[in-house]
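K.L.:
Quick note on our numbering: the sequence shown kicks off at 1 and runs consecutively.
By construction, these hints were calculated from the structure, which means they are not laboratory data. Mixed in with the good hints there might be a few duds.
Unchecked claim - Pairwise CB distance ranges, derived in the manner of DEER restraints: (1) Ile232 <-> Lys282: 30 to 40 Å; (2) Ile251 <-> Lys152: 25 to 35 Å; (3) Lys176 <-> Lys102: 22 to 32 Å; (4) Ile232 <-> Gly41: 19 to 29 Å; (5) Asp302 <-> Asp213: 50 to 60 Å; (6) Lys243 <-> Asn68: 35 to 45 Å.
Remember, it's a predicted structure, so these values are computed and weren't measured experimentally. Note that CB positions come from ideal geometry on N, CA and C, so glycine has one too.
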Amino acid sequence: MLNILFMGTPDFAKESLKAIYNSNYNIVGVVTNPDKPKGRGMKLIPSPVKEFAIQKDIPVYQPLKVKNNEEFINEIKKINPDVICVVAYGKILPKEILEIPKLGCINVHGSLLPKYRGAAPIQWAVINGEKQTGITTMYMDVGMDTGDMILKEVVDIGENETTGELWERLSIIGGKILVNTLKLIESGNAPREKQPDDFTLAPMLNKEIGLIDWNNKTALEIKNLVRGLNPIMGAYTIINEKKIKLWKVNIVNNNEFLNNYIKNDIVLDNTKNGDILLANDKQGLFIKAKDAIIEAVEIQADGSKKMSAKDYLRGNKL
1 MLNILFMGTP
11 DFAKESLKAI
21 YNSNYNIVGV
31 VTNPDKPKGR
41 GMKLIPSPVK
51 EFAIQKDIPV
61 YQPLKVKNNE
71 EFINEIKKIN
81 PDVICVVAYG
91 KILPKEILEI
101 PKLGCINVHG
111 SLLPKYRGAA
121 PIQWAVINGE
131 KQTGITTMYM
141 DVGMDTGDMI
151 LKEVVDIGEN
161 ETTGELWERL
171 SIIGGKILVN
181 TLKLIESGNA
191 PREKQPDDFT
201 LAPMLNKEIG
211 LIDWNNKTAL
221 EIKNLVRGLN
231 PIMGAYTIIN
241 EKKIKLWKVN
251 IVNNNEFLNN
261 YIKNDIVLDN
271 TKNGDILLAN
281 DKQGLFIKAK
291 DAIIEAVEIQ
301 ADGSKKMSAK
311 DYLRGNKL
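Just need the whole structure built from these sequences, with the hints factored in.
P.N.:
Okay, here's the thing in structure tokens:
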């Protein structure tokens, strides 16, 4: 049975750790990011991976850094794992660590490589309106998600699916594929497929990306942005100098809007992109986009909680 060192941090990684634990692999240790302060009291909160490891009495290591950390690298050498499994750990591993396990370092990545190399593959797949994505396991090297691929599984993305929903599905699939990958490695039958040169990147998201560009983005692009940033940070717009996050939206074409909501062409003719066309607690909140109309279904104003647009409009005017 393989001796495995697991490295990961969020709930996405926890599902992979859980899968290999339930498959009775010998997990010699878990490496995760240090506890983070959270909430009003800034209480230190452990990562989901650490919580699981503690429950199962698996040794936990939480180095502040892994690069140029001789003490930590020597600790891994003492552990002497056959394989290191890395899933959403959050730090780039130096060559000194990659070379320790005799059977290599294995990564579970949330895309169909070489598409969406980088820190946010699931989010960018949704933002870009992809119809499919998936999971890839690969042998790690010093590059950013550039190693030889082992197994892949294709997953369809629902037209209304959010990053959070897709994240949850892929985390389960990732655990299953990791177990299958380890079985192949253990038997000496794991394939190695070099990645082609035509790759795309999925860099970390910043707050600026959440601001909706009503003038230049289509209604579908806006909807995809809303889906892609739910539940991470939320896409937002500024209305009456208020920041309003949009958590769920529908697309309504112009004719449908005029037939079902306001039977007046002037409403569309005399407004510009980003203008509110209709806002009341009976019909909802509708905003003009470049080629159609966005119905804001679930929103959140600064200092308020998420709620339906109709509920918000019962006590607030936009």
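K.L.:
Just to be sure I understand the hint, the distance between the Cβ atoms of Ile251 and Lys152 should be within 25 to 35 Å; is that true here?
P.N.:
32 Å, holds
K.L.:
Between Ile232 and Gly41, is the Cβ distance one that fits in 19 to 29 Å?
P.N.:
23 Å, holds
K.L.:
Looking only at beta-carbon atoms, does the pair Asp302, Asp213 fall within the given range of 50 to 60 Å?
P.N.:
20 Å, violated
K.L.:
Would you say the C-beta atoms of Ile232 and Lys282 sit inside 30 to 40 Å of each other?
P.N.:
32 Å, holds
K.L.:
Are Lys243 and Asn68 spaced within 35 to 45 Å by their CB atoms?
P.N.:
41 Å, holds
K.L.:
Assuming the hint says 22 to 32 Å, is it satisfied by the Cβ distance from Lys176 to Lys102 or not?
P.N.:
25 Å, holds
Checked against the numbered hints above, the structure violates only hint 5.
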